[in-house]
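Given chain A, work out where chain B should sit, using these hints.
Residue numbers (this note's numbering), protein chains in the order written: chain A, 1 to 202; chain B, 1 to 202.
Quick caveat, the hints were computed from the structure, so don't treat them as lab data. Here the structure is a predicted model, which means the values were calculated and not measured. Be careful, since some hints might not be right.
Rough simulated footprint, nothing fancy, chain A against chain B, three-plus residues with beta-carbon under 8 Å [to be verified]:
id	region
1	86 to 96
2	180 to 194
Derived DEER-like restraints, expressed as beta-carbon distance ranges [said to hold, decoys possible]:
id	chain 1	residue 1	chain 2	residue 2	range
3	A	S61	B	D32	24 to 30 Å
4	A	L49	B	R29	21 to 27 Å
5	A	D59	B	R120	23 to 29 Å
6	B	G121	A	G60	51 to 57 Å
7	B	G156	A	G42	18 to 24 Å
8	B	R29	A	A182	40 to 46 Å
Chain A is nowhere near these chain B residues, computed Cβ spacing over 10 Å in every case [said to hold, decoys possible]:
id	residue
9	L6
10	A33
11	R71
12	L76
13	E117
14	L138
A virtual CB, placed ideally from N, CA and C, is assigned to each residue, including glycine.
2 protein chains.
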Amino acid sequence: MILHDLTPGMHPRRVRIFLAEKGLSIEKREVDAAGGAHATPGFLRLNPLGRLPVLELDDGSAIAESLAICRYLDALHPQPPLMGRTPRESAHVEMWTLRMDHELSRPIVDAFAHTSEFYRGRIEQVPEVAAWACRRALQTMAWLDRELADRPHIAGADYTLADIVAQCALVLGKAVGLRVPAEMPHLARWFAAVSARPTARA
Amino acid sequence: MILHDLTPGMHPRRVRIFLAEKGLSIEKREVDAAGGAHATPGFLRLNPLGRLPVLELDDGSAIAESLAICRYLDALHPQPPLMGRTPRESAHVEMWTLRMDHELSRPIVDAFAHTSEFYRGRIEQVPEVAAWACRRALQTMAWLDRELADRPHIAGADYTLADIVAQCALVLGKAVGLRVPAEMPHLARWFAAVSARPTARA
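The following block holds chain A by itself, in its conformation from the complex (with noise of 0.2 Å):
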C-alpha cells in the first residue's frame, strides 16, 4: 500500500493522524501539487478528480476520499476503535463525522479555497462564496461549543474519526483567520486537548 500524500492539505492530514492513532505506518509518496503532479495522466488514473489524499493498494487499484481510505484501514485493522464498534455505535460516530464533514470542514474549504492565492486561476474564486462560508464555519463552531460543554469529545466519550474531521479542519481554519473565538471555551479546551495528542502532528 502507498499514501499519495500532500503534506500541508486538510484531507490528507485526516489519513495521516487516522493512521498514527491506529500505530500504523504506510509507504508514503509526497505529491508536488504545486508543480502540477496531481493533474498528470498518472496521478489522474489513480484519482480523476486529481485531488489527494488516495491509497494505492497492491494490485494497482486506487482509494481516493479520506473518510473511504480510512474505513478501509479501519476494516483492515480494527485496534484501536475509532469509528466504533457495533452498528450502533458505527453509525454514531459517523453521524458526528458526516456533520463534522459537511457542517465544518466544507465551508473552511470553501473560505480557502475561494481566497487563497495558491487556487488563483486553478478554480473559480468567488468572493461571495467565501464570506457565507465564514458565516457558517463559525455558526457551526458556535453549535460545536455547545455540543461540547458535556461530553470531552464530538461523538461522546471516546476520540473517533469526527475528531480528527474537527480537528483537521480548525487547523486549515486557521489559515483563513477562523480561530476558535474566546467566548467558545469548550471548543477552545477541546481543540486544546486533541491539538497536545501525540499524533496532532502526523
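Structure of chain B alone, referenced to chain A:
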C-alpha cells in the same frame, strides 16, 4: 424503529429508496417541516440540526445523516448488498458515494437552498452561491457522463448507494432547472435506467 421522514426532501428519499431496495418496511412518520415541526424542542432532541431524515431506535436514541442511517440498516440487513461485500468493495462504493455527495448532491442542494421560496427568510440566501453551485453541478455531470461511458452504474457493474445518492440529487436538480443536457448521453442513459427501477418512487 421509526424513520422520521420528509417526503419531498432529497436526503430522506435516499433512505426510502435504500429501504425499498433492501425489501425492508419500517414505520415512517412524516414531519411537517413547512409547519415548523422540525424546529420544535422534541424534534431538536432527535437532531439538533433540525434536519431530516432521522432514524429513531427502540431505545429512544437517534441516528441522523442519511448515509449513516443507510450504513446502520446495511449492517443489520446486508442483503442485497448496496455498499459492497468486502473491505475493498466497501471502500470503492464509499468513495463513489462520497464523490456523489460532495460533487453532485452538495452543489444541487446549495443551488436549491439559495433560490427556493421555501428557504426565503429561513436561511441566508446568496445569489452568487446558487450560480456557482449550478456551474459546479454541471461540471460534475459532464465528468459523470464520461465515467459512465463504459459501465452501467456509478461504482461499476452493480447498483449501489452511490447510484441512490446521485439519482436523488438529479431529482432535486429538476427543481432548479438542472436537467441532464442532451450532449451527455451516458448520464442520460444511466438516469433513465435508475429512474425506471421499481424503487425509484419510494
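Verification of the supplied hints:
1. 86 to 96: holds (count 7)
2. 180 to 194: violated (count 0)
3. A:S61 x B:D32: 24 to 30 Å: 47 Å, violated
4. A:L49 x B:R29: 21 to 27 Å: Violated - the Cβ-Cβ distance for A:L49 and B:R29, about 38 Å, lies outside 21 to 27 Å.
5. A:D59 x B:R120: 23 to 29 Å: Taking Cβ atoms as reference, A:D59 and B:R120 lie about 52 Å apart, which means the hint is violated.
6. B:G121 x A:G60: 51 to 57 Å: 53 Å Cβ-Cβ, so the 51 to 57 Å window holds.
7. B:G156 x A:G42: 18 to 24 Å: Hint holds: Cβ distance 22 Å, inside 18 to 24 Å.
8. B:R29 x A:A182: 40 to 46 Å: The hint (40 to 46 Å, Cβ to Cβ) holds, given that B:R29 and A:A182 are roughly 42 Å apart.
9. L6: Consistent with the label, B:L6 stays out of reach of chain A, its closest Cβ about 17 Å off (over 10 Å).
10. A33: 18 Å, holds
11. R71: 6 Å, violated
12. L76: Non-interface label on B:L76 violated, nearest chain A Cβ at 6 Å vs cutoff 10 Å.
13. E117: 20 Å, holds
14. L138: 12 Å, holds
When each numbered hint is compared with the structure, violations occur for hints 2, 3, 4, 5, 11, 12.
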